[in-house]
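Chains as they are written, first to last, in the numbering used here: chain A, 1 to 455; chain B, 1 to 197; chain C, 1 to 245.
Possibly wrong hints are sitting among the right ones.
Said to hold, decoys possible - Covered by chain A, per the in silico footprint, the following chain B stretches (three or more residues, Cβ under 8 Å):
| # | region |
| --- | --- |
| 1 | 27-33 |
| 2 | 59-73 |
| 3 | 88-101 |
| 4 | 113-127 |
| 5 | 132-144 |
Claimed, not checked - The following label-pair restraints were derived from C-beta to C-beta distances:
| # | chain 1 | residue 1 | chain 2 | residue 2 | range |
| --- | --- | --- | --- | --- | --- |
| 6 | C | Lys156 | A | Lys185 | 52 to 60 Å |
| 7 | A | Pro441 | C | Leu230 | 39 to 47 Å |
| 8 | B | Glu68 | C | Lys143 | 30 to 38 Å |
| 9 | A | Glu85 | B | Ile84 | 21 to 29 Å |
| 10 | A | Pro294 | B | Tyr25 | 55 to 63 Å |
| 11 | A | Asn19 | B | Glu68 | 46 to 54 Å |
| 12 | A | Arg17 | B | Tyr25 | 43 to 51 Å |
| 13 | C | Glu95 | A | Asn289 | 50 to 58 Å |
| 14 | A | Pro402 | C | Lys163 | 52 to 60 Å |
Stated by the list, open to error - Partial list, computed: chain B residues near chain A (C-beta under 10 Å):
| # | residue |
| --- | --- |
| 15 | Glu4 |
| 16 | Ile81 |
| 17 | Glu175 |
To be clear, the hints were calculated from the coordinates, so they are not data collected in a lab. No experiment lies behind these values; they were computed from the predicted model shown. Even for Gly, the Cβ is constructed at its ideal location relative to N, Cα and C.
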Amino acid sequence: MIGHPQAAEIFNEDEERVNWHDKSLWGVRQKRDNVASKVKGWEELRELASEIKAHTLSKLDEYLIQFEIQAKKNRAIVHWATNAEEHNKIVYKILNEHNAKNVVKSKSMLTEECGLNHYLGKKEIDIVDTDLGERIVQLAKEPPSHIVMPAIHKKREEIDELFHQHLKTELSGGDEVYLAREARKHLRQKFLNADAAITGVNFAVAETGIIVVCTNEGNADMGVHSTKLHIACMGIEKLVPKLEHLGIFLRLLARSATGQPITAYTSHFRSPKKGNDFHIVIVDNGRSNHLGMPDFRNSLRCIRCGACMNTCPVYRRSGGHSYNATVPGPIGSILSPGFDLSKYSSLPFASSLCGSCSNVCPVKIDIHPQLYKWRQVITEKSHKDRIKNIVIFISSRIFSKPSAFKLCSKFGNLSLRLLPQSITNSLVKGWTKHRMLPKVPENTFTEWYKKNRML
Amino acid sequence: MSREDILSNIKKNVPVLTELPIITYKDFNEVRDLKKLFIENIEATGGKAIIAEDKNDAALHIKDLFGEPGNVISLSEGINISTINPTEISSAKEFDQLELAILDAQFGVAENGAVWVSEKNIYNRVIPFITLHLVLVLNEEQIMENMHDAYEKLSSFEEGYGVFISGPSKTADIEQSLVIGAQGPLSTTIFLINQNN
Amino acid sequence: MTIGLFIPCYVNQFYPNVAIASLELLEKQGLKVEYPLNQTCCGQPIANSGFEKSAIETYNLFVKIFHHFDYIVSPSGSCVYHVKKHFNIINQSDEVTHVRSRIYEISEFLVDVLGKENFNSYFPHRVGLHQSCHGLRGLNLGKPSEIMGEEYSVIKKLLGNVKGIELVTLDREDECCGFGGSFAVTEEAVSVKMGIDRINDHIKHNAEVITATDMSCLMHLEGIIRKRNLLVKVKHLVEILNSTN
């Protein structure tokens, strides 16, 4: 498995494609700026959202218990899963009990994280992702590259070809209206023939046991209301204390995510229709451990809007797949190392620490400070990069001793001036492939200062 | 077992308690022409907003817009153009050919052009989604400014299901090109009716 | 008022003119400026690479050298940000606290401490402002485009007072240049692409000169410019402010 730098390098081999990807996502960031500027008190909303989430996390166990009590009163059946494997087993067990063979699923990054589709596939359950972007990547046998716009990396011609192959559509040059209409027909059949619907959860309200699901396509509702079995999968951190708090989060979510004031559908599920079954699976999968990390627990506030990805100049120019994580981009880079430090060790370094992500985060997660902190943890725990360690060691010795520093300064400039470019370039290979080294001046400032300011 | 493990691990790891912020929702209100803003935002979503004098007027507009489709359900009292009796249908499959659904909405939200529809308005939960075209009827006095006001109105919400609907279903998953009409209705039209009529 | 001038190592090495301009500009304000010869580095390259503990001795040396000045001023937003933010891991003695609270990037020092915004500068060129991230977002030198609120920019105010200057409008006013320290080398492909995109934005809007509060950004951009033989030049903000007729 390659790290982010290598994957990003490959991504950058096609500069036109990088430009296209970068512009698409920058466009979403601009839409976000536009709608956010129209909200009186936008920055206050962010502050409130972050405080509500911080409070919720500080009483998370109590709120989960409250949620469970309310949900049960509402005739929901509540399950708890410690990890991904358990989540998958529980979902399968419920489906099996209902003889459900055909399942429709609306967008759920949690189920992606748990590898649910793959697990159910092995049990011969047909599970169809009904969000168009998710359906596209499902057909392409790829993971989503963005948590809100899963197929943002796919060009219309590629989607055209994909639908031609799998849905038997005519080649249309990527006519989005034609393709969307065909997808509608195709998915409509899936809804009508489904035995069960799985959804994610955007917010779970402790006070009332309600879960909220936001879509633009209406696919979550089409699935749930066409079938008799609804399974909602949620991470423990999806809770908000009160119904009124939804006002704050919903005003922030779609604006941050796609630049819309609200999604087309914001569905509130409290109780199943009479005769139907409603199951809620509450999943930990490392979150409660993450909660115990004082430097990193704030990332559990995340409401999965993706704004950090849209604003990140690195994400835009390397694509979600280069992170090799279920949740990519800035937030993914501070969540993932918590799950597997070694596997995701390149992610906190895949950033110039510009800080834009922290500024767009609707719940004010301190993303770039956490990236910095993860770097400290990773270098301490990994002995991989021996050369880097040595370079750092030598640098720290030089920077802490004025005499050594002055010597290097003199020597450095001298050698850069005298050595042939071929040698100096190879010494600084990572710089000089695409950049010139700076010109070496006659004197350093120190030398100038001594000559011109000291008697 | 898992429940206890998860809860005890959480309890062990929670940060120091921080209080819920005190929120003055009024601070977010601005003095605005709510109806105008509401209509602007409906149109921005690709929906349509029509001002009607009363339900008869609305019914006439509906005829203008949609003709007389063969498969219509109206659950809005006063607009009696149903061709199907929903009580005779039990499964979603049977609603598949529904061309037009006319429902009452309880209130609208100006800041985003959304309306609130709940269980009591819709008979079968699938109707607002499976229909080809959706019409929502709203008392023009029932427009809130923002979502805070909306949730205040919903504080006593007790039904099993409710949804904010803002415009028609849509997707931009193909190269960020917007397509109106995804898995839900292809169009959403809101009639604003003066309650005095 | 005594001023200790802190010059980042690579500026001392490769861009002495920026240091000279900083010194001259401060001296013109009638200030007593000293450049302690024993200074080394703020430790940022080591710390950002994940080895902040190895930087502790460097931090202590920095404080030892600079703590007796009333103010420490530097033509580098990122170094100043690093001292302010990341010197938190060493023992917070009075000296450390003093240094962390009295270190300023030069433009914020001129405007906020000296209250001066006009230096009779003359720079008759089309200039594109690259808003270096540490200065903009870290030191609040301006309102970042992603934050909602009243527009403000210390740098634009200063540049606005330069005679003959024409500030260009960019497509993306505050996107990162891609230097990011060791990021420039470890994530070379993305770093260079970010740099190219910034440069193209300036060229598209006919900037003759790209300026910034950080020479690190400009060093990275200039490296690309020279490799590609492009016509745009780079100049540190302080060199522009110090330019007179």
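For each hint, the structure was consulted:
{"no.": "1", "hint": "27-33", "result": "holds (count 4)"}
{"no.": "2", "hint": "59-73", "result": "violated (count 0)"}
{"no.": "3", "hint": "88-101", "result": "holds (count 3)"}
{"no.": "4", "hint": "113-127", "result": "holds (count 5)"}
{"no.": "5", "hint": "132-144", "result": "violated (count 0)"}
{"no.": "6", "hint": "C:Lys156 with A:Lys185: 52 to 60 Å", "result": "54 Å, holds"}
{"no.": "7", "hint": "A:Pro441 with C:Leu230: 39 to 47 Å", "result": "21 Å, violated"}
{"no.": "8", "hint": "B:Glu68 with C:Lys143: 30 to 38 Å", "result": "57 Å, violated"}
{"no.": "9", "hint": "A:Glu85 with B:Ile84: 21 to 29 Å", "result": "46 Å, violated"}
{"no.": "10", "hint": "A:Pro294 with B:Tyr25: 55 to 63 Å", "result": "32 Å, violated"}
{"no.": "11", "hint": "A:Asn19 with B:Glu68: 46 to 54 Å", "result": "51 Å, holds"}
{"no.": "12", "hint": "A:Arg17 with B:Tyr25: 43 to 51 Å", "result": "46 Å, holds"}
{"no.": "13", "hint": "C:Glu95 with A:Asn289: 50 to 58 Å", "result": "39 Å, violated"}
{"no.": "14", "hint": "A:Pro402 with C:Lys163: 52 to 60 Å", "result": "41 Å, violated"}
{"no.": "15", "hint": "Glu4", "result": "9 Å, holds"}
{"no.": "16", "hint": "Ile81", "result": "23 Å, violated"}
{"no.": "17", "hint": "Glu175", "result": "5 Å, holds"}
Of the numbered hints stated above, those contradicted by the structure are hints 2, 5, 7, 8, 9, 10, 13, 14 and 16, listed in ascending order.
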